[in-house]
Structure formats: structure tokens, C-alpha cells
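Asks: What follows is each chain in one-letter form.
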Amino acid sequence: GNKGVEFESADKDFKFRMGGRIHADASYSSGDDNLVNRGTTTHAEANDGTEIRRARIEMLGTFYKDWDFKSQWDFADNSVSTKDLFIQYTGLKDFEFTAGQQKQAFSRELQESSNDMLFMERSLMNALNEPTVDRAIGLNVGSFQKDWTGQVGIYGDTIAPPATGVADEGWAINSRWTYAPINEKTKLIHLGIAGNHRNLNANNDVAGGVLRLRSETSHMSNLFLIDTGTIAGVDAIDMVGLEANGLYGPFTIGGEYTKMWVERKNAVASQSNLDYSAWYTEASWTITGESRKYKKGKFYKLSPKQNFSLKNGTWGAWELAGRYSEADLNSGVGTADNGGQMSLLTVALNWYLNDTIRFMADYNKTLDLNRPAVATVGGGEPNVDTFMLRGQLAF
Amino acid sequence: GNKGVEFESADKDFKFRMGGRIHADASYSSGDDNLVNRGTTTHAEANDGTEIRRARIEMLGTFYKDWDFKSQWDFADNSVSTKDLFIQYTGLKDFEFTAGQQKQAFSRELQESSNDMLFMERSLMNALNEPTVDRAIGLNVGSFQKDWTGQVGIYGDTIAPPATGVADEGWAINSRWTYAPINEKTKLIHLGIAGNHRNLNANNDVAGGVLRLRSETSHMSNLFLIDTGTIAGVDAIDMVGLEANGLYGPFTIGGEYTKMWVERKNAVASQSNLDYSAWYTEASWTITGESRKYKKGKFYKLSPKQNFSLKNGTWGAWELAGRYSEADLNSGVGTADNGGQMSLLTVALNWYLNDTIRFMADYNKTLDLNRPAVATVGGGEPNVDTFMLRGQLAF
Amino acid sequence: GNKGVEFESADKDFKFRMGGRIHADASYSSGDDNLVNRGTTTHAEANDGTEIRRARIEMLGTFYKDWDFKSQWDFADNSVSTKDLFIQYTGLKDFEFTAGQQKQAFSRELQESSNDMLFMERSLMNALNEPTVDRAIGLNVGSFQKDWTGQVGIYGDTIAPPATGVADEGWAINSRWTYAPINEKTKLIHLGIAGNHRNLNANNDVAGGVLRLRSETSHMSNLFLIDTGTIAGVDAIDMVGLEANGLYGPFTIGGEYTKMWVERKNAVASQSNLDYSAWYTEASWTITGESRKYKKGKFYKLSPKQNFSLKNGTWGAWELAGRYSEADLNSGVGTADNGGQMSLLTVALNWYLNDTIRFMADYNKTLDLNRPAVATVGGGEPNVDTFMLRGQLAF
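Chains as they are written, first to last, in my numbering: chain V, 25 to 419; chain A, 25 to 419; chain B, 25 to 419.
Everything labelled a hint here was simulated from the structure, so no lab data went into it.
One should not assume that every hint holds.
Any copy, or any two copies together, can satisfy a pair, since identical chains are not distinguished.
What the hints assert, rightly or not - With a Cα cut of at most 20 Å, we get these calculated EDC-like pairs of lysine to aspartate or glutamate:
1. 89 / 379
2. 36 / 120
3. 329 / 90
4. 335 / 37
5. 322 / 57
6. 335 / 92
7. 317 / 32
8. 36 / 379
9. 89 / 37
10. 329 / 37
11. 170 / 208
12. 335 / 118
13. 211 / 92
14. 317 / 287
15. 320 / 171
16. 107 / 82
17. 209 / 262
18. 329 / 262
19. 209 / 409
Please construct the entire structure, taking both the sequences and the accompanying hints into account.
Replies: Here is the structure:
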């Protein structure tokens, strides 16, 4: 079937599945011709061209009914990046225990699979979340009910070897709760709240490396319009996230907000505490009428009513979406550690040929910049727009 | 069966296959004891020993009848090297659309799988093709008929991250056409022609890195008898390739020719335009009588009439092959950018135990050298011969 | 079933299996707070935290009845590490031929799979074996009878690219013989002897790099209490290993001894020949009564009589084990090349929930140190203890 290779023992106590995904991208930028890094004469430019954004294989399965595992690796850029790698115990009613590398419980957008997202890349809000609450090695306890979910997890660092020398790992504790007061197939209200506290280690390492908040114009561009640079002397990070989404037939609307407080060690007088925030709001319309899906606090892509077929003259499903997002990396305390403020408009057109194949076109328009990380050669504000295409195969 | 793991839905609209290959090599060189890099006193030597030449796994399949995908990774040398990684649409009669990382359409020898080659390594001609028309990310449109094939493709760079900093990717357009005026199982004439135009990016990057043409005595030797070094200031590359092959029962004979023109940016007076050429001719005889196979412009290895079996006293198939190849990396314009000229004789004995296992023995004799990249300590011309063995398992 | 995905052709001439393992660890050290590297003021510390110790996938199978292959890769630390990668011929009665990357024939402990070990890490004796007789590319001929086994192999280097420049690979020849005078399911005596001779290449490379003997307090700690540093100017290495083990119902007892002689090139007067030795003794008791398993000179983990199940109120199998090990890296010839001497006590409690899932807790106590590689800030001897936990899923 369309779910890759699946096996099941007769009593269903043992299951095994192999899956994979290919995301093949192309991107083109305008307004990036005469840029320099802020305060320098170093040429900056959004690299245009082609890229394999994701190339993943995954194996997952169930042993002795109550024990699940999942392993997922990405081989894009010819390097190994371990994504999910965990063991799960589901033998206790109402609770799931998950040990290993997994996404920490924070942000609806971050929890959503890249196969399911409305847009090719996550919003500007992800500049705060990716370095802090993405995958790490830890233990999560969750309860997933029909209308609400709750999770608490404790975490060390990621699977990647430590960025710097000799020191015990840092650790984090986080929690996410969601509630769906209306929860029908074509009518849904989703609300969520999450918190995260992370203690950095003696060498100032966050989960996957140093703390640096920034946003790239496209995954392959190597151009970051806002960028805090490495934030030194960090003692701890606290975060709060709020989520609200609604679905009504072929329409969805929603948004999220994240606030981050960075506590410094105050070893250096200039290193004061910092706070950052970011948010987005988005809306989508399935032109062909299908509804997006929702289950246990997560959204999933729609399934076309009719698959694309030249022979049958059917065209799959078409979806239109828009998003406005803002990230404020200016902490307001002096000029140091001010990474810039930015707002971005994204418009997306998605074509679902069937449950396996999807094509995506995204247009990103930079709306407003305040102390950006790059400037025009003449010293003005950059005005970079990006057009991106994706062919996606996922099973 | 011998094709690894294969699954098929009842209506054959969904298929999935896992395959893999192990090429385990050993190589020994003579005449490499007292060498230095040309114009230096740096010791040069052909490293002898053992190597896993290729260790690949692949997953491929079909979704909804018309959509194919292929993914193939090589893990030899303990690093990830993505080979094929593409999505294919076959739902339109007479045309195939392939998007993702794939071999560009140029050279019969390059298109042939390493599982099928008559010799352990490709000819000296590959010194021109490997850096330019091997795999890249792009879109290919092909038509594959019984007696002829035609392909046109546009390409960016490879999946590997760019070698150097800030710049849009380069691009290429290429095309290959083949025709088989005689096309029977044991009688065949194959003719082919191909062209390639590649525009380098602002940083002088070809598909996978800088432009450097060279040939190694064996894949593990680290000894390059001819070598242009990095060719700087390149603006564009044009290539033409010609192919002719014949098959008659257990015999094959054939050859190819490639010509390359390198257009410089002429920013530096000494950087004049260059041209290089290379060719080979080869012949093979299956002692046990089997014929090699041909399909849609590509050759495939033979299938033994009887598999090797000690119990049954059967010995599989045996094949003898010889090849003469030449590469002229001397452009003739001044002494700079002259990489040397070389001719090489290769004799091969191949033992096919069954459709999965093959053993190969190759002997490479350097015939003639002109301005080679290495010299003997006394200043003379090197005379390096190489003996190589391979155990191959592929499914 | 619990062996991952298995397929078999009707005549059993073709088989294919996919397997994998996840070892997720956490470790905590005491007594490591005020350490420096010996003779320096550089801070040393045992890194505590979480780690994916092993994340492996494997494909293995049989073609045409007589031809086996195995491939196994580890992706922990987000890098590729090829483990087994070989082709095997089993068509000749009483003999097995194995070509490719495989463990060299030396030491019962090294041959044992990490899925089966009584303890989370191998003993101090492995400081001698891991750099020399672990996996390499070669050809092994073995005979595996019910009560005895014999193997002889010749090897080049490992699959990893050479550590240093231009030189032919080194090579090794080794052999291991085992005999079980008593060989019943619950009553067993195992005896073994092995020898290894390795010739280093011109650049002083052992199989996988330079010769350096050392022992880490846990795999993620980056703290080595004994460490020879790089041993320069080595010409050849000779090793002898002795093994003795007994099993009686739920009890096992055993030990091994390895002696290593390092022959120097004597190019430098101070580089005299060296000899090192190490050994361990261990005992285990399965509280729930199961016996560990033995086959063809190797031990395997027990299989629980009853699997863990909350519903059935069954608890799987529990195992208690202790080990005393010593490594003497002081060669006794002058102070150079003296890596230190160490003895270590390990106590382990293992919980087998079923044939796939196992949890392990290990406590390592450093007993005695002589010229260790680290010292306390005050110049005293370190006293580092380590507590480790593992969740293991293997199929």
C-alpha cells in the first residue's frame, strides 16, 4: 500500500514498517544582489539553486505488543543526521513512556511532521524553538486522550557529540498540554500551552551546540536576515508557548506565540539577561474541499478525495495558504545581543497528487526589518524575496 | 529470489524493493617505489592493500502505478555518499520525467552500473566525465523506445554542500541519443551521441566542486599519473561524446570518445581557453558462451547459463576482456594547465558464479606517458602496473 | 516475530533479514571534580549525561543456498561506522570462507555481540584488543564443529580511510581455537587460545589508526584513567590470548588473559620494545534461573522463561554479575610509553523483559591505579566511580 513496507504477525503483537521521504527543492531569490554582512564589507548573497532538503529512511515497529521503537535518519547533504530514535512502552493504560532521541514537547508547529506542513519551512517563530526544544535524548511521559493531551519530559543533549570539550551535559524539563473543546472531523478548536526550562552546561552548550537564534531566507540560501550570533555566558533558558487553531471544513486558521527568557551567568558586566519573542498566524483553504486532519494534539495533511490520474482526468487536491510571522531578536538591552526584528509574509500553493506525492510552491516576502544582520552595499535595508519549489515523496 | 526483497500489491500499482551491493577489493602495484610528485621531492606511492570499494543499500518502488522513486546510498570509507535519489513520473506514454539526483545523460560507460562493468574501474575517458556529467540534482525528460532513446536534462549541482562560499549554483543542460540499427539478443549494433554544456557559478564550482581532471591508478592508490590540478577561472564547459558498440554472441567490441572545451573568464591573461580529449576501445569474450545484455541504450552483465555449484560440478560463467584507453590532458597552450597524456592497457578476467556473486581480476599496464604528474626520483618516467581483485555481491 | 523482518524462498535457498539495535545510555560519575591531565594543569572531567551508545541497522541474507552476506552500520554520534560487511561461502563441508570487513579471530569477549554482553562495556582487557584485533578487511577460513572451532585469517586495515598519507597498508595474520570438553545446555566448559601478528605499515598505522592503548571510564566520559598516548615507531605487534569459561545452570564463571609484545623499529634509541598485559575474571547468576547460551565458541544472552507483562503479572528474567579486571600498560622500560596500571570492579544488574528489550545497570569502581593518565589538582590519585544505565532494544 502507500505506507511503504508493512508486516504484522497474525496476533498483531509484532509489527514492522519501513518508510522514507524525499524532499527535492529549488529556490530563487530577488533583492539579494548587493548585500554585505552588517558592519562589514563582506559580500552576502542568498545562494539559489537546487537542494535535496530531506532524504530520510525510517524503521519502526512493535515488539511483544507493548513495546514500540522508531528510528529515522536523514542523509541529505551527504551526512548522517539522526532524527527520531526511541523505545516506547505502551503497556500501561493512559500513559506512554518514550526513552531516546525525540522531539521535546513544545510548539504545535515543531511537533508537526515536515511531510504535513502547510508551508515548505516553519515560521520565523522556529528561530527560537529549533536550537532549544527540537530533538534531544530524554524520557517523556505522555497521556493522549481523545480531546486532550499532556506530556512531561526530561532531557539531556542531542545525539550529536558535544560541541565543546570537557563538561557534564546540560538538561531540560518541559511540558505541553493541549485541549480540543470542539473535536469533529470538519469542525475543530485546538488550544495548547507549553513550557520549557533548560540548564546549560559549564561550557554554555544548549541541546545541540551553542545558543544562536537566527532565520535563513531558505534552507539552502546561507543568508540569515536576523541573527543573534553566539550568545555567550548563558546559564539557563525559560520558554512559554501558546497555541490556538481552528478547522472548519476546507478552512483552517491558527497561530502560535513563543516567549524566551535567557538568564546569563553575569560573569561579564555586559552580559545582561535577555528576552526574545516570536509568533505567527496562518490560514488555509483547500480549493478541492478536503479537510486537514487532527489527532492527539497534532495536525496532519489532507488526503485527496481523488488521486491525480491523466487516464481518469482527475487532478488530486489543491490547497492555498498564507502566513504572517514575526520574530523579535532585539532584546532591548543595549546594542549587543540584538539579532534584529523581522516580519515575513508567506503564500503557498500545494498540490496533493495522492497520499504519497505532493508538489509545493512558496513565496516569501520580507515585510519589515529592524537592525537586520545584513545591509545593502549602500547601507540600506535589504528587501529579499524568495520563491521556492518542492517535489515531495513520502511513505 | 536473487533480487533482494521485493513486494507488490495485488494490482501491481504499488511495488517496493530493497537491494544492496558489496564490492570488496585488494590491489597491488609495481614500479611505484621511487616516485615523487612532478617538480618536487615529495614522495609519491601507490597505496596497496584492501578496500571496500562500494557498500551500498538502495530502496526503490512504485506508488499509484505511475510514480517511481529510487534512493541509493554508499557508506564505503565510513562516510555517506548519496547516489541516485529521485522521483519519476511514467504516466505519460513515451515519456519519463525524472526529478532529483541522478546521472546526467552522457557516455554509455558512465550510465552503466558498476555492477555490470567489464572492468573494475571505468576507462581513462572517465577523467573528463566524472567531475562534470556524473550525478547532479536536476530534471530529465527521456523517451525510451525499443531501438532508440533520447534524453534532455537540466541540472544544478550535486547533493553535496557547495565547496566554496557565497554564490548561486551553476547549471548544466545535456542530452544523449542512442540508436540500435540491429537489435537482437545475440546480434547488436549500438550508436550514441551526447552533448553537455555547463555554466560554472561565480566561485568557479563545477557540479561537485572545483574543476580538476585526473586519473588514479586504482581507487585506493592515491596515485594520480595524470592530473591537471585545479583549473581556475573557468566560465563554461562544453562536451561532445560519441559511442559505438557491437555484440555478436559471446563477443562484444566497442569504444567511446569524449572531447571537452573549457572556456575561461579570461580575467587573468595566462588563463586561456583549454581543450581536452579522451577515448577507449574494448573487446570481450564470454568463454562459456553467454551474451551480455542490452536494453534502452545501456549494457548489462551476462547471466550464467549454469550457476556455480560444487555439488553439481557446474562452474558459472567466465569472461575475458581487454581495453585500450587514452586521455590527453595536455591542452597544448603553454605549460600551465597541462595535466599529462597517458595510455593504458587493461586486461580482465571475470567469474560469474550466479546472478548475485562475481569475482574480478584486472591488470592495468601503463603504456605511454607525456608530462605525467609524477616522476621517478631520478627524473625518469614512471612505469606503474596495477593488479586488482574484487569480490562482488549485488542484488 | 522477534527477529525483525525475515523472508525465505520456498526452497530456503534465498533468505533475507533486516535487524537493528538501539542502546540508549545515561552515565554519572563521582570523584571526577578536581582532575587534571597528568603533568599538566588542563582540567579533566568525566562527562556525564545521555548518549545513544549504539544505533545500528543490519541487512543479512543468503543467496543460492551457499552464499551469505552481512552488512551492519552504526549511525550513533551522527556519523557512519561500518561494522560487519562481508560475503561468506558455506558450500564446502566443514569450512566457512569469509571475505570483507569482520572481527578478527581473537578473544571470546571481543567476539561476543554487544547485545549479549553481561556488562555494558567490555573489560579493561579490551584496551589491548580494540585497537588491534577488532574489525578489519580480510579473509577468514573457519571450521565450526559442535565441540571445537578453529579459524585462521589474514587482514589488511579497516574500512576507515588511512589515518596518514602515502604508504601501503599493513597486514595481520591471526588464529583462534576453542574446545568445549563438556558441552551441554546447562553444563559447559569452554577453553580457548588465540594468537595475532600484525605488521604495521611504513607510517606506523595499525588496523584503524595509530597504536594507542587506553581505557575510558564510560563510553561518553572522554576521561581515560590509563592511556599510553600514541606509541611511535612500531614495527610489529604480537599477541596471545587465553580463555576459560564454565556454565552450570544459572551460574557462569570465566576469564581471559591477553599479552601483547610491541616490536619497535629502533630508529630512535629511546624507542625500545614494549610489552603489555591485561586480564579479567567474571561471574554471573541468573536469579530467575535461566541459563546463558553457547554455540560454536561464542556465548549468547539468555532467553527469559516468561516475558514481562503487567497483565499477566510476569516479570521477565533478572541477572546479577560481577567482574574484576586489570590492565597493565606500564611496560617497565623507562618512564616513556608507560600508560598506567589499573584495576576495576564492575557490578551489573540486568533485566531481560523479553528477547528484544533489556535494561542494564552497571557500577564501576576504580580499585587501584599506578601512574594514571590523570591526577587530582593536589597531585593525588583519582578515585573515579561510574554508574551507568542502558535501555536496549535489539532484533
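Asks: Determine for every hint whether it applies to the structure shown.
Replies: How the hints compare with the structure:
1. 89 / 379: between (27 Å within a copy, 13 Å between copies)
2. 36 / 120: within (19 Å within a copy, 38 Å between copies)
3. 329 / 90: Close across copies (18 Å), not inside one copy (34 Å); limit 20 Å.
4. 335 / 37: For residue 335 and residue 37, the Cα distance is within 20 Å only across copies (14 Å; inside one copy 41 Å).
5. 322 / 57: Neither: 40 Å inside a copy, 44 Å across copies.
6. 335 / 92: between (41 Å within a copy, 17 Å between copies)
7. 317 / 32: Neither way: residue 317 and residue 32 sit 25 Å apart in one copy and 29 Å across, limit 20 Å.
8. 36 / 379: For residue 36 and residue 379, the Cα distance is within 20 Å only across copies (17 Å; inside one copy 25 Å).
9. 89 / 37: Cα proximity of residue 89 and residue 37: one copy only (4 Å, versus 31 Å across).
10. 329 / 37: between (32 Å within a copy, 18 Å between copies)
11. 170 / 208: within (11 Å within a copy, 54 Å between copies)
12. 335 / 118: between (47 Å within a copy, 14 Å between copies)
13. 211 / 92: Result: close neither inside a copy nor across copies, 32 Å intra and 36 Å inter.
14. 317 / 287: neither (39 Å within a copy, 54 Å between copies)
15. 320 / 171: within (7 Å within a copy, 56 Å between copies)
16. 107 / 82: The answer is both: 9 Å in one copy and 18 Å across copies each meet 20 Å.
17. 209 / 262: neither (35 Å within a copy, 57 Å between copies)
18. 329 / 262: Neither: 44 Å inside a chain and 48 Å across chains, both beyond 20 Å.
19. 209 / 409: For residue 209 and residue 409, neither the intra-copy (36 Å) nor the inter-copy (56 Å) Cα distance is at most 20 Å.
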